[in-house]
Amino acid sequence: MYNEFENPLPPRFGRMFIGSDAKSNQGPPKPNDTVTVRAGAFTDFYILVAECSSGMVSGELVGIGPDPQWEYESWSHGDKIKVSESAITAIIRAD
-12 MYNEFENPLP PRFGRMFIGS DAKSNQGPPK PNDTVTVRAG AFTDFYILVA
38 ECSSGMVSGE LVGIGPDPQW EYESWSHGDK IKVSESAITA IIRAD
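The numbers in the numbering used here rise by one with no breaks, and the one at position 17 of the sequence shown is 4.
Hints may contain errors.
[To be verified] Result set (SDA-like, lysine to any residue): computed pairs, CA atoms no more than 20 Å apart in a straight line:
no.: 1; residue 1: K17; residue 2: S73
no.: 2; residue 1: K17; residue 2: E58
no.: 3; residue 1: K17; residue 2: D54
no.: 4; residue 1: K17; residue 2: K67
no.: 5; residue 1: K69; residue 2: E(-7)
no.: 6; residue 1: K67; residue 2: N(-6)
no.: 7; residue 1: K67; residue 2: E47
no.: 8; residue 1: K69; residue 2: C39
no.: 9; residue 1: K67; residue 2: G14
no.: 10; residue 1: K17; residue 2: P55
no.: 11; residue 1: K69; residue 2: A37
no.: 12; residue 1: K67; residue 2: N19
no.: 13; residue 1: K69; residue 2: Y(-11)
no.: 14; residue 1: K17; residue 2: Y59
no.: 15; residue 1: K67; residue 2: Y(-11)
no.: 16; residue 1: K17; residue 2: A37
no.: 17; residue 1: K67; residue 2: I79
Hint data in this document are derived by calculation from the structure and do not stem from the laboratory.
Could you build all of it, start to finish, from the sequences and the hints given here?
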């Protein structure tokens, strides 16, 4: 069961795409991509995408940063998390 992260901060600069082929980096996130979401003023969540549907992205919280930490507020590594696709700040494509 995925718990919704309800209060992400909006992206600062629009969405970035990171990967080896710029042409394939367009479009919404896909399973096995890693996405980032602004959790706080100086904190990002890194989510390994499991599924995308109805404007929501669900997956596993695999990183909290940029300074490595295991938890932020009530969230910690390994939690199942769901966020709005509009909150995504970057998509790192699975190669």
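A quick look at each hint next to the structure:
1. A C-alpha spacing of about 14 Å is found between K17 and S73, which places the hinted pair at or below 20 Å, so the restraint holds.
2. This hinted pair does not check out: K17 and E58 have alpha carbons roughly 25 Å apart, beyond 20 Å.
3. Among the hinted pairs, K17 with D54 is inconsistent with the structure: their alpha-carbon atoms are about 26 Å apart, more than 20 Å.
4. For the given pair, K17 sits about 16 Å from K67 by alpha-carbon distance, which is consistent with the 20 Å threshold.
5. For the given pair, K69 sits about 9 Å from E(-7) by alpha-carbon distance, which is consistent with the 20 Å threshold.
6. Distance check on the hinted pair: K67 and N(-6) sit about 16 Å apart at the alpha-carbon level, within 20 Å; holds.
7. Between K67 and E47, the direct Cα distance comes to roughly 5 Å. Compliance with the 20 Å bound is thereby established for this hinted pair.
8. For the given pair, K69 sits about 9 Å from C39 by alpha-carbon distance, which is consistent with the 20 Å threshold.
9. The straight-line distance between the Cα atoms of K67 and G14 is roughly 23 Å, outside the 20 Å bound, and the hint therefore fails.
10. Distance hint between K17 and P55 is unfulfilled; the C-alpha atoms sit about 25 Å from each other, more than 20 Å.
11. Between K69 and A37 the CA atoms are separated by roughly 10 Å; this keeps the pair inside 20 Å, and the hint holds.
12. Distance restraint check for K67 and N19: the Cα-Cα separation of roughly 14 Å lies within the 20 Å cut-off, and the hinted pair is therefore satisfied.
13. Restraint check for K69 and Y(-11): the C-alpha separation of about 6 Å stays at or below 20 Å, so the hint holds.
14. Restraint check for K17 and Y59: the C-alpha separation of about 25 Å exceeds 20 Å, so the hint is violated.
15. Of the supplied pair hints, the one linking K67 and Y(-11) holds, its CA atoms being roughly 5 Å apart against a limit of 20 Å.
16. Only pairs whose Cα atoms come within 20 Å are accepted, and K17 paired with A37 is accepted, the gap being roughly 8 Å.
17. Taken as a hint, the K67 and I79 pair is honoured in the structure, with Cα atoms around 19 Å apart against an allowance of 20 Å.
Figure legend: structure checked against the earlier numbered hints; hints not met, in rising order: 2, 3, 9, 10, 14.
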